[in-house]
Amino acid sequence: MDYHQISDPEVWVDEHGDALFRYALFRIQNGQVAEDLVQETFLAALRGKDSFAGRSSVKTWLFGILKHKIIDHIRKISRERPEEDIETLANLADKTFNEQGVWKSQPAKWTTDPGLLFQQQEFWEILQYCLSELPPRLNQVFTLRELDELSAEEVRKILQVSPTNGGVMLHRARMRLRECLEINWL
Amino acid sequence: MFSCKQATELMSVSLDSRLSLYQRFAFRFHLLMCKLCSRCWEQMLFVRDAMHTCSERVEEIDFMPDHSLSPEACERIKNSLREHTNT
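If you read the protein sequences in the order shown, they are chains H and E. All residue numbers for the first sequence refer to our numbering, where the first residue is 29 and numbers rise by one. All residue numbers for the second sequence refer to our numbering, where the first residue is 2 and numbers rise by one.
Don't read these hints as lab results, they were simulated from the structure. Check each hint, because a few of them may be wrong.
Stated by the list, open to error - As a list, the in silico DSS-like pairs of lysine-lysine whose alpha-carbon atoms are at most 25 angstroms apart:
hint, chain 1, residue 1, chain 2, residue 2
1, H, K104, H, K185
2, H, K123, E, K79
3, H, K123, E, K36
4, E, K36, H, K137
5, H, K185, H, K95
6, H, K123, H, K137
7, E, K79, H, K137
8, H, K95, H, K77
9, H, K95, E, K79
10, H, K87, E, K79
11, H, K132, E, K36
12, H, K77, E, K79
13, E, K36, E, K6
What the hints assert, rightly or not - Covered stretches of chain E, going by a simulated chain H footprint (3 or more residues, C-beta under 8 angstroms):
hint, region
14, 3 to 14
15, 44 to 53
16, 75 to 83
These numbers were taken from a predicted model, which means no experiment stands behind them. Even for Gly, the Cβ is constructed at its ideal location relative to N, Cα and C.
Let's have the full structure, built from the sequences with the hints guiding it.
Here it is in structure tokens:
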């Protein structure tokens, strides 16, 4: 472990500031908030510097702090405006199935090898695009569940949604993402 | 026999919690009978795997490659670190 890297917090900003900012921007989609979260991350790291044992890299440690900051931010804004859920669900017209619940736009056959696909930066860019196309609350419910790998119950508590709405939102997010990847990549 | 829409709802539920014995049986039976739902199920699993891989490689993937922390923001953050170092 490079002692200089751990001991000088300003080096953290030069070396990891951009990566942290881009990840925060990807998650929150607001430049000002992303900057604030990165600043909070560095300040928290400064406070916790003495307890950082160097078991992981500085970058891994900083990303770990940022992920918690992002979840705290989502929890805070969900407390401030929990009513969005109903609006989000009401605005989502179901274009995938007809009234009898039969496929209207049928899923195509995918022939790609995930192992190869996951090596390609372009795939991750399309995944980011598809996530950004989700309505904000669907994006949050889905990324908390599948990217932060929180349980569905934890996600519902953070977003303050009922089990029914939470389930509907996860279903919609999964279906939309599947469709978006099909249209834009496969 | 439930509809394809209901089958996709159960797919999603099964990724977050354990289905009941009846639900599991009905779900598996539907997938056996319906090529499109079977395809959708594989793709939903693919999306989940992609997200988990994304999570594992969060430090390697270039998120939002066209963006970076502005010089002003860098300076502001460094100033706040200096202030907190000195207090």
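- Query: Of the numbered hints stated previously, which ones are contradicted by the structure, given in increasing order?
  - Reply: Hints 2, 7 are the ones this structure does not satisfy, whereas the remaining hints hold.
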